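Visitor: Add chains X, U and E to chain G, keeping to what the hints say.
Number of protein chains: 4
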Amino acid sequence: MIAVLKQGTTPEQRDSLCEWFRNIGLEVHISEGKFHTILGLIGDTSRVDIGLLESLSIIESVKRISEPFKNANRKFHAEDSVIDIGGVLIGGGNFQIIAGPCSVESRDQIIGVAKRVKESGATLLRGGAFKPRTSPYDFQGLHADGIELLLEAKKETGLPIVSEITNANDLELFRDVDVIQVGARNMQNFDMLKQLGRTNKVILLKRGLANTLKELLMSAEYIMAGGNERVILCERGIRTFETYTRNTLDLSAVPMLRELTHLPIVVDPSHATGISRLVETMAAAAAAAGADGLMIEVHNDPEHALCDGAQSLTPDQFDRLAVKVRRVREAILK
Amino acid sequence: MIAVLKQGTTPEQRDSLCEWFRNIGLEVHISEGKFHTILGLIGDTSRVDIGLLESLSIIESVKRISEPFKNANRKFHAEDSVIDIGGVLIGGGNFQIIAGPCSVESRDQIIGVAKRVKESGATLLRGGAFKPRTSPYDFQGLHADGIELLLEAKKETGLPIVSEITNANDLELFRDVDVIQVGARNMQNFDMLKQLGRTNKVILLKRGLANTLKELLMSAEYIMAGGNERVILCERGIRTFETYTRNTLDLSAVPMLRELTHLPIVVDPSHATGISRLVETMAAAAAAAGADGLMIEVHNDPEHALCDGAQSLTPDQFDRLAVKVRRVREAILK
Amino acid sequence: MIAVLKQGTTPEQRDSLCEWFRNIGLEVHISEGKFHTILGLIGDTSRVDIGLLESLSIIESVKRISEPFKNANRKFHAEDSVIDIGGVLIGGGNFQIIAGPCSVESRDQIIGVAKRVKESGATLLRGGAFKPRTSPYDFQGLHADGIELLLEAKKETGLPIVSEITNANDLELFRDVDVIQVGARNMQNFDMLKQLGRTNKVILLKRGLANTLKELLMSAEYIMAGGNERVILCERGIRTFETYTRNTLDLSAVPMLRELTHLPIVVDPSHATGISRLVETMAAAAAAAGADGLMIEVHNDPEHALCDGAQSLTPDQFDRLAVKVRRVREAILK
Amino acid sequence: MIAVLKQGTTPEQRDSLCEWFRNIGLEVHISEGKFHTILGLIGDTSRVDIGLLESLSIIESVKRISEPFKNANRKFHAEDSVIDIGGVLIGGGNFQIIAGPCSVESRDQIIGVAKRVKESGATLLRGGAFKPRTSPYDFQGLHADGIELLLEAKKETGLPIVSEITNANDLELFRDVDVIQVGARNMQNFDMLKQLGRTNKVILLKRGLANTLKELLMSAEYIMAGGNERVILCERGIRTFETYTRNTLDLSAVPMLRELTHLPIVVDPSHATGISRLVETMAAAAAAAGADGLMIEVHNDPEHALCDGAQSLTPDQFDRLAVKVRRVREAILK
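Chains as they are written, first to last, in our numbering: chain G, 12 to 345; chain X, 12 to 345; chain U, 12 to 345; chain E, 12 to 345.
Only chain G is shown next, with the shape it has when bound in the complex:
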């Protein structure tokens, strides 16, 4: 970390600041320039509150050289994390497709879809039981019943299941859920992240609509700081000025995150684009970008899906997608 002192800072002020840095365990290197004094801080600066530092009247600016995340940081954990989800591995070269409907609607629906996507090569089943909807008047999911139906589908097909939590008080209901998803709107619900950090569940953490990669990694850090290191990151589009697509899928995030962290990275082209016609193409692009997995909405009857039907594929369309993605994976690994 580098701190630049303002012109006019007295030697006493400078020394008192250096003292403070040394007290919190940092080594300080001072470089005196004509106009500015520059302090180089060495040590575990992830615990320094940058906002506090910037607020000091003698500070011109502060710049981190190392990132403020530690557990998620590739610098301290060079190898890719491989996460075992009930026998299905993700990360470190292991690629998985999570597929299923936006919402669990009925026994027939979820088991029907589960069987179909398994045949096409999906290795995890997704389905929403708790749906965060912008409007209080829209369908919000089947809640406990939805989880029950997912567990039946798991029993029937053997696919581990992924479902979104919207309230940490519901954790008990997720006892047998394999992967707990934190949705984009809850990415900075820090209280919930802390509680998930005390579980032994795999957490799929979706990037918020207006969150930077650094904030995504800091949210992963919240979970990991609690002791739960099994976090999967998910790029699902960010909010921009473009309106043709629902959000803007930021695929550069995949190789960028790959550099920054050892955690597995999954891409959700269904929510990102919000348009089913674009999902196959963007799934292929995500695979080419090096994602460790995909999350795809599939519905046996997309036209009557209770939510987000616009972005769901039919099982046949998903089948085509899975074939294409497999080919692209082979092409980039050759």
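Since the list gives no way to pick out one identical chain from another, each pair is judged satisfied if it fits inside one copy or across any two copies.
Straight-line alpha carbon distances no greater than 25 Å define the calculated DSS-like cross-link-like pairs of lysine-lysine that follow:
1. K225 to K74
2. K81 to K17
3. K17 to K225
4. K17 to K86
5. K74 to K17
6. K129 to K335
7. K74 to K86
8. K335 to K345
9. K212 to K166
10. K129 to K212
Bear in mind the hints are in silico, worked out from the structure with no lab data behind them.
The structure presented is a predicted model; accordingly, all values stated were derived computationally and were not measured.
Guide: Using the frame of chain G, we list chains X, U and E on its own:
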């Protein structure tokens, strides 16, 4: 609501869709064009799931004419809402300044600041006990002790208090807090909004960093749909590409929200800009834009504030701000 | 186009508006609702000024059903445009890689790079002679000399050349340049677009940093309306709040534009990410997204490039990229 | 400027870089840390190409301490610039209102509006003769005839005139125009900026839709580097995800630019919001934010304006705005 049907829709498909609309209580007006058929839907369309509609294969596009929020909508509630906060009125011409530190740090600090800001004309005291911080390693607030200290400051000064909640499970601790703040990161924590909708507390709802005014109003709707109509909206800056200021304060939101809703609108220039030097000016601008109130960070010792000191004013600076804001208020009301 | 009239519009006002629409050649369908009257307008609405319409006091809102671009619109030109660039075809299944340095710096440099990228499979050579730089103090290109050197490289290698124009007055200098590039900052320099529309040059039109796909197509329309139909569109990243990458590469733009237009679509991952380490991966992703071509910065000595070196590949790195892209192309076409 | 070297940089590499810095006239201070070496560079770093520096393989990151603009920088020019426009002063406490129609349409229109706005207190007349429109099919202005009519209105009323240029080749037509406006879409048309830098005209430079304050100042620098120091900056809204207003008016830009530069700052609430109902309020807010002037669209017949009527005020509405703005000015200056 207008639905445009795709070319090639058969009369049977059209009739079956119209039937469905009529079943949910809407009146349907059909207009046949050369290329497209247009359906005009009259009635309570706030309960129509627009995503579902758009997913139908015969639909070209859907457009709402009326907004999907009802309780918050000025169309159904023409007069400004005036909210009584322990005797302090806000809205409908009543202007209030909420002031205080980002975080409650000690008894001396909070009572000291409270007395000073009251003298300068603040009518509500703010102070954070639960702080949502991007990093798990940053200071997160004094929690229950912080609330206790706020209540002492209230007793000492008579100022009603405003504090942020980050977990609905803490609601019991907010028993004597006058205004519960929902922070930007929790604006779409719908589970929490629903729980707050079942309380009789005044809720200060901050706009999310990447949320539209419509989404802000839909989140207010979540609270109001539960029976709690005492919601204050707060503009606090949105995330854009500009980096000189922390966020971009969207002051046009004030007159725009004024048209759309009857709820009081408050502006927080401290968090929006993140720079204490800009706060006085932007507070004056917010008053000129017609805000019903301001939320200002004041610290008796900003240089050593445990968080967000960069944006805090000293009591003297706040005093000057309050004088200027009062003058601007008079200028626009003359 | 649909126009919704405000409540309270009199029959006379409505009829006078309908009369006006009919006078500009549109058919009008009237649908009377309980609260609103809806007018459906059929005909060539691309010539209706939507801003003007919205400004009328009796108009609630206006919505286009068809897009306001015509020459670029796939609806009126179903087949992919194939553009012949001195014998090199692009579009309609023909994929090309444009490679070369950001700036032309010397004879040795440009000819050296040209030979190397040709060997690796590049089919067009790029090189900047006029460089739009944010700072007036940065290197702005060799101008006429740069064009001369590019033409020598063309002679030496046979590769058609692509170079950016920043002032229509320089058109004469581009006499022998095969493809004239319009940079992101000039995408809405309408005067220049009109002048390029009167030439018979192939135009590579880059999307502006904050421009929507619709605006990109409207800018293509400016060129095409002048009679020059040989336009290639280029996605090169948009400006968002994310700062790890220079811009956010919007790869969904590729399949989305594919639906909207028949023009070839090229992707520039070098400028979009601004980081050479990400270019190979994002080039593969762009190919998987269905791009008709790529634009890649290659420099024989990236460390000493006079501009934008951070995003340039070495010839060896480019060679690897070209092999990977070829494999991905095969994978998605299988 | 600070440059951080990568771990593993050899002393030879470091020394060779330092040598290079010294050769371009910079003083170098070296601070050796455990992991990183930090170079502090003192001198005129505005001429250092930061992109080039970042591209070097031994560089971890580079950070400017001082801004890369010089002529526009308040650090080197502490006093506010006051610009004399035909006897009308702007900047340094002199506040002016520029008013008039979006487009010049006819003799009667422009002279009628000019007289009315002058009565209400406008001190400069605006009117577009060259209109950059997104669609080639929209009205593009009266060109030379428009300028003629503006000059007649100037003769009639004595108001200096402001009009937009879209092509530097038209400069001769602007001979008698007092202020030449560079529109948002041309803010980075560097070739045109350079040509304007060689004139002795006052230039009103509008901020681009996706441009940072730093880029705005760099574009001013282009003009000033040519010798023309009479530049007025104009905030007119930036592009964000919010769609209720056309753009997001960034009023914090006013006090922020005030710190960074000595140039006058004008705000255009008409284009920013795109909604005439919001203009009065946002004009008052801009005045409270400390703007040196306003640019307001006024039309004698907004409903039939040939462009942008939605954001135009009637002369009566403008009269009310001017009164309110005057009162706010007095309030903040008291």
